[in-house]
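> What follows is the residue order along each chain.
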Amino acid sequence: MRHYALTAMGMVNVLGDRLETIEPRLFAGDVSRLQEHPLRTTGERVLIGRVREELPGFPPRMQHYDCRNHRLILAATSQIAEEAEAVVRRFGADRVAVVMGSSTAGLDASEQAFFHWREHGALPAQFAYETQHEMGSVSKLVADLTGARGPAYTHSTACTSSAKVFASAASLLDMGICDAVITGGVDVLCSVPLNGFEALGSLTREHTLPMSRHRTGLIIGEGAAMFVLTRERRDGAVHLRGIGESCDAHHISAPHPDGLGAEAAMRGALADADLAPDEVHYLNLHGTGTPLNDAMEAKAVTRVFDGIPCSSTKPLVGHGLGVAGATELGFCWLALTRGRAGDYPLPPHVWDGQADEVLPTMNLVAAGGRLSRSGPVRFMSNSFAFGGNNCSVIIERS
Amino acid sequence: MFTAANRNDFSFRVTPILNQNPPIEPNPGSQNSSAGIGRPLRVLAWRAWAPGLPDREAFHTWLLGHGAYEPVEAKPPCAAVPSRLRRRCTYLTRMVLETALPVCDDAGLATDAVNLVYGSRNGEIVILRDLLSDIFDREPLSPTAFSNSVHHTPTGYFGLVTKNKGISRTVSAHRDTFTCAYLEAVMLATRYPETPVLLVIADEQTPEPFDRILHPPPFPHSVAMILAPAPAGSGIGLTRVRNAAPSPEGAGREPAAEEGEEQVFSFLRWYLGDEAQLDLDTEFGGVRWWR
Chain A
1 MRHYALTAMG MVNVLGDRLE TIEPRLFAGD VSRLQEHPLR TTGERVLIGR
51 VREELPGFPP RMQHYDCRNH RLILAATSQI AEEAEAVVRR FGADRVAVVM
101 GSSTAGLDAS EQAFFHWREH GALPAQFAYE TQHEMGSVSK LVADLTGARG
151 PAYTHSTACT SSAKVFASAA SLLDMGICDA VITGGVDVLC SVPLNGFEAL
201 GSLTREHTLP MSRHRTGLII GEGAAMFVLT RERRDGAVHL RGIGESCDAH
251 HISAPHPDGL GAEAAMRGAL ADADLAPDEV HYLNLHGTGT PLNDAMEAKA
301 VTRVFDGIPC SSTKPLVGHG LGVAGATELG FCWLALTRGR AGDYPLPPHV
351 WDGQADEVLP TMNLVAAGGR LSRSGPVRFM SNSFAFGGNN CSVIIERS
Chain B
1 MFTAANRNDF SFRVTPILNQ NPPIEPNPGS QNSSAGIGRP LRVLAWRAWA
51 PGLPDREAFH TWLLGHGAYE PVEAKPPCAA VPSRLRRRCT YLTRMVLETA
101 LPVCDDAGLA TDAVNLVYGS RNGEIVILRD LLSDIFDREP LSPTAFSNSV
151 HHTPTGYFGL VTKNKGISRT VSAHRDTFTC AYLEAVMLAT RYPETPVLLV
201 IADEQTPEPF DRILHPPPFP HSVAMILAPA PAGSGIGLTR VRNAAPSPEG
251 AGREPAAEEG EEQVFSFLRW YLGDEAQLDL DTEFGGVRWW R
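Taken in order, these protein sequences are the chains called A and B. According to our numbering, the residues represented by the first sequence are 1 to 398, in order. According to our numbering, the residues represented by the second sequence are 1 to 291, in order.
The shape of chain B in the complex, shown without the other chains (with noise of 0.2 Å):
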């Protein structure tokens, strides 16, 4: 029983978390109960950029060599983006312009064609530091720098220079954004088979004096991939299993996700791999993808 400090006008009985072992009860009202979560996927194209990563082969590598990540400086060129809107964009929005643009070209979509989940933890982190700091000082905030402020600041770009009227979401869920995103983009693409979905992760380092998190993205980065419904036997599907410790022999749980990595890198490398399953740990449960 946990009872607010200074009123005492209500209470909340602490639920016992579930601790029991195997596999999460079917789903009832799923529309494929027995094989996970609404229907498998397959992707159609991903990109990748990171400052010293600037295209999807250089993050490829990189994500195989399980290599540490030298930082260095870079901006995304964002070449496909009219520069009357690139002088606008934030950090962050150029970052997501830079993959979300050519991974629909990579998939032969229009990029007008799809249905966006944006997963950010932090969103436009470095830019609110920015207005604080105006606050601060009392000087007037820039209206640019206000609009460019919200956390889904890269989706209301991504709709001005592709003029995509389609659905838009954002998920943030700390160290579980990409797989709760995943989970959005499953629901969106079993609901709306016929629209791929753009999923989008994002996220910028922490400026000062936010910077001391205890789980800060490693480094500044954007991964995009378009998702669509897979033919029938086919395709990458998602379930929810329980997070029970690993047996001895780490069955069922190959490969498993590198200590502490973004799960949208564990998710790449596994997908790039010929492993059968990834089972990731989350705040909710374990997940398992599977092919």
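One chain only, chain A, in its complex shape (with noise of 0.2 Å):
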């Protein structure tokens, strides 16, 4: 059986750039860090889940890096930058592995550097298609902040990239090919994203209210989320247990309408832990806020659990996209690394407590809401794709 330490977690997204400020707004269910945003393609304002905090720049050697979500990057990995020395130092460079998630990769390069081309006739000096947007500098980037000298790639199925990089990095340990991996995910808010999900109708003009008869779509955030993994047991540590995928075969955007495909992911995940529904404790759901994920998950939740407390997070810091996956199993270490003697705190389900009534009954997380229980404590997170690509991580604490 698996047990693979998650022995480091850093994150930035609009809560914060590091965990102590994060931490509180997380379990305090703090909305209002988000901003609004004016949409170019058709002048809507919609909120968005913008990091607030001035991100850090590149040094000279770096500067080919350098774009916003490169800095999310760096951010976020600043903060496990010891723990990923350390792996380095302990097993030899190329005994670690990089593995990252992503749907924008620094998409904000290319379209700065595209308006710039349309009005100026010529690209900004400063632009590097190959380092900035190209999907592998961020694994490549990854690899070059830490020294990890192992295999580096990244996976970018939309909302699922960097949920799908816990099954690579799981495999790459089972198989001895290296002893530690680093690995996440990072988006960045862009206007690709925030004028394409609008034109599919999904953006709500107000915050997300995910499971609520008034849901009306999702909000977008940006982010980054990094993990140090390592193959061994430690004694109070939180350990990677088991990963479910599947596709829906379905629609190229929506969910099947049933959850067919989210409840095998959930199934999977669960047989690749060899648990029983009822040994895993909270859920976060992938939620996000639209008519048609919420109430294929609920029923799909509803059909795998039996009462499990679960909330969405996307209220908190909107739809990570590539880098929701890492962020929302974040959220998972945080509560299970800062619970003590048996008290877990759990994220909240922000919403207006008007639930559908054409869904199933759902254990949605109230402010406040802690887990008190002894012995080893799971949490599953949930993320779901275009192209009907799902995804769902199991994680523990013994």
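Fair warning: there could be bad hints in the mix.
As the list claims (entries may be wrong) - Just so you have them, the derived chain A footprint on chain B, three or more residues with Cβ under 8 Å:
(1) 133-144
(2) 198-212
(3) 227-239
Said to hold, decoys possible - If you want the ones that stay clear, here's a sample from chain B, every Cβ over 10 Å from chain A, calculated:
(4) R84
(5) D106
(6) G123
(7) Y271
Unchecked claim - Result set (SDA-like, lysine to any residue): computed pairs, CA atoms no more than 20 Å apart in a straight line:
(8) A/K299 to A/P360
(9) B/K163 to A/H251
(10) B/K165 to A/P360
(11) A/K299 to A/P309
(12) B/K165 to B/A228
(13) A/K299 to A/S212
(14) B/K163 to A/G268
(15) B/K163 to B/D106
(16) B/K163 to A/I252
(17) B/K165 to A/H250
(18) B/K165 to A/A271
(19) A/K299 to A/T216
(20) B/K165 to A/G268
(21) B/K165 to B/D105
(22) B/K163 to A/D258
(23) B/K165 to A/I252
If you are wondering where the hints come from, they were derived from the structure by calculation, not from laboratory data. Since this is a predicted model, take the numbers as computed values, not measurements. No residue lacks a Cβ here, since even glycine has one placed at the ideal position from N, Cα and C.
Two independent chains are provided; combine them into the complex using the hints.
Given below as structure tokens:
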């Protein structure tokens, strides 16, 4: 049975640029940091989860990476630098792999460069497609930052990108290809996803209200979340236990209406971890706040679990798309890590409290919600994506 | 030591890159540690498509000829894709389906009986460029174009056409995309030996103004292969080796990949030839395929 230690986690998102500021806002259900943003194509104003702190810049030798997306990586990776350095020193650089997930990579750099090209007929001098926007630049940057010299690559399956990284990371450890993996995800707010989800009619004009009868859509966020994963079991640490993956094969951008693929992913993760449903104690929902996602997810979750406490954290940070999986698993990691003596804080489900009566009843975590439990505690996180691509991940604190 | 430019509350120590010689230490957790990574695989079938190289035979001839590629305009016919779906497919998606669907038939497999690994450096960069153009002009975006702009768009259409509900992963790693995708395929085939892996590598050339990149794909191409665990004592193995400078005789490096060539082309040429091993240099050291 797999118990791989998640020995460090760092993140940046609209809740803050370090765990010390993110943690209290997460468990308080703070939605006050979201901002209004006008869309370029329609002029509509929507809420976004944009990181408010100034992001770190790159030193001169790494200027070719410089874009907002990669600054998000830098901000999160800096938080795990000590642990990353320790595994590189302990196992050897070539025994440490990097697996990242992203949907945008540095698309913000290409957007600025494209607009500059349209306005001035030339690309800006600092633009470097290959090291800023190309998908592989995400993992290459993390390898360069940490000194890891094992295999390094990036997953890009839209909103499951940084959940599926844990499947690859686990396999790299299972097969002895490396002894540690630096893994996580990143996505940057930029015009393509914002205006694209607007075109799909998926953006709400208000706060997003997952599972509510009044839900009208999602808000988009950005961020990065990074982990160090090693093939060892450590007392008191949080461990990766199971991953489930599936495809709907139903529609290019909409989920299967009954959540068959979502159910298969959750059951796959349980089987991978050799756990029964009642051995998982909290579920971080995909919970986008769109009518279709929440309807199918409620059906799937209630078929798999009986009354499991669950919440969507997207009302707090927005839908991070390519970073959603790692961010939300990071929230699970925070809750498990911050728990003491069998008492764990749970991320609250922030909404209007108006359940959709046509959906199965869910046990949504109220403000101040906690889990009291001795013995091993396990949390699951759901991520679902375009292309009907689904992934569920289970972590545990023993 | 490197310190961020405008904040000084963190730092990374730059770790020395390993630079010593021969093979990398055996993998302690490997299921086959002395023989390489995971299980040796066999290629059950392969297909390739590029404009002007419309089938496997044409591609094979081009590979063996080591010749230049003559750019031509052509669209993958994708005759096996229902027209209502084909109309919505991007060019990249059509290239992927043009190889991925028939290669399953070639291997005698149902298209829903494989796990999928899709390797692409640039994904739907052509669609993204068109979306950026619309956004610059403040034009509302096409919902279909946006749905088609995600990196893994071809895998979504593969699922729609085939009803495949299995595992589907993507890999991007600059010029190491093929090697990392192959590695991912080895891991899936070892973990789920009863389910062959469909490995597809596809890229378009980046459109203006993103066409001035250092190492662009030479031409649009799609290569698909079905990989499955080989019977004991056979198959293709994969090992990490140190990428030390080759000895004067070039020992252990035959046949060397052609300078700057797409890794998937080097692999295919080796697979179709009779050399014992193929060495490629990657960002993470050398890798060796052997039979």
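> Checking one constraint from the list: CA of B/K165 to CA of A/A271, max 20 Å. Satisfied?
Holds - the C-alpha atoms of A/A271 and B/K165 are around 17 Å apart, at most 20 Å.
> Starting from B/K163, check that the Cα of A/H251 is at most 20 Å away, please.
10 Å, holds
> Under the criterion that the straight-line Cα-Cα distance not exceed 20 Å, is the pair B/K163, A/I252 satisfied?
Within the cut-off at roughly 12 Å; holds.
> Holds or violated: B/K165 and A/I252, Cα atoms, limit 20 Å.
13 Å, holds
> Sort out whether A/S212 lies within 20 Å of A/K299, counting only the CA atoms.
14 Å, holds
> Next pair to validate is B/K163 with A/G268; report whether the Cα-Cα distance is within 20 Å.
18 Å, holds
> Would the hint linking B/K163 and A/D258 be met if the CA-CA limit is 20 Å?
16 Å, holds
> Minimum C-beta separation from B/Y271 to chain A exceeding 10 Å: can you confirm that?
It holds; B/Y271 is separated from chain A by about 21 Å at its closest Cβ, greater than 10 Å.
> According to the definition I'm using, a residue is off the interface if its beta carbon is farther than 10 Å from all beta carbons of the partner; does B/D106 meet that for chain A?
22 Å, holds
> Quick one, are A/K299 and A/P309 close enough, alpha carbons at most 20 Å?
It holds: about 15 Å lies between the C-alpha atoms, which stays within 20 Å.
> Please check whether the beta-carbon of B/R84 is more than 10 Å away from every beta-carbon in chain A.
Correct as stated: the minimum Cβ-Cβ distance to chain A is 12 Å, above 10 Å.
> Given the hint that A/K299 pairs with A/T216, test it: the Cα-Cα distance must not exceed 20 Å.
18 Å, holds
Of the hints listed earlier, those the structure fails to meet are numbers 3, 6, 10, in rising order.
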